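Just need the whole structure built from these sequences, with the hints factored in.
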Amino acid sequence: MLCWGNAKDGQLGIGLERNLLYEPRYCQVFNGRGLKDVACGGQHSIFLLQDGSVYTCGSNSCGQLGQDKPGTSPELVAALDTQTIRMVSCGRAHSMAVNEQGQVFAWGAGEGGQLGLGTSEVAVRIPR
1 MLCWGNAKDG QLGIGLERNL LYEPRYCQVF NGRGLKDVAC GGQHSIFLLQ DGSVYTCGSN
61 SCGQLGQDKP GTSPELVAAL DTQTIRMVSC GRAHSMAVNE QGQVFAWGAG EGGQLGLGTS
121 EVAVRIPR
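Residue numbering for the sequence shown follows the numbering used here, beginning at 1 and increasing consecutively.
Everything labelled a hint here was simulated from the structure, so no lab data went into it.
There may be inaccurate statements among the hints.
[What the hints assert, rightly or not] Pairs of lysine-lysine residues, derived as DSS-like cross-links and limited to a Cα-Cα distance of at most 27 Å, are as follows:
no.: 1; residue 1: Lys-36; residue 2: Lys-8
no.: 2; residue 1: Lys-8; residue 2: Lys-69
no.: 3; residue 1: Lys-36; residue 2: Lys-69
In this text, all values refer to a predicted model and were calculated from it rather than measured experimentally.
What follows is the structure, given as structure tokens:
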């Protein structure tokens, strides 16, 4: 996978926090692991592997990474460990995933109801 652009919050997943990367850089973290899909939010990214596991990196200001801390390298979303995820998507500061049964999991900024959870929580930090 090649990455470039704004890396200010580590959202490129290459272990750097830098304002801009003007030239493509190779991201080796998923080398040989079967990267299936990537989705990008405002300051975070979500990666789906062929085995259905989900990784995130970047800003975690609203819990959009589904874990406790921000990161410049992709980290497994442990709350989805028991699921086989088939599809991922991002908004500005929220993330979503769909499992093989069609169930939707959402986390991150929810103040506008965008998570579809029936609440307007400012930050949902664990996928549900």
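Taking each numbered hint in turn, which are not upheld by the structure, reported in ascending numerical order? Going through the list in order, the structure violates no hint and respects every one.
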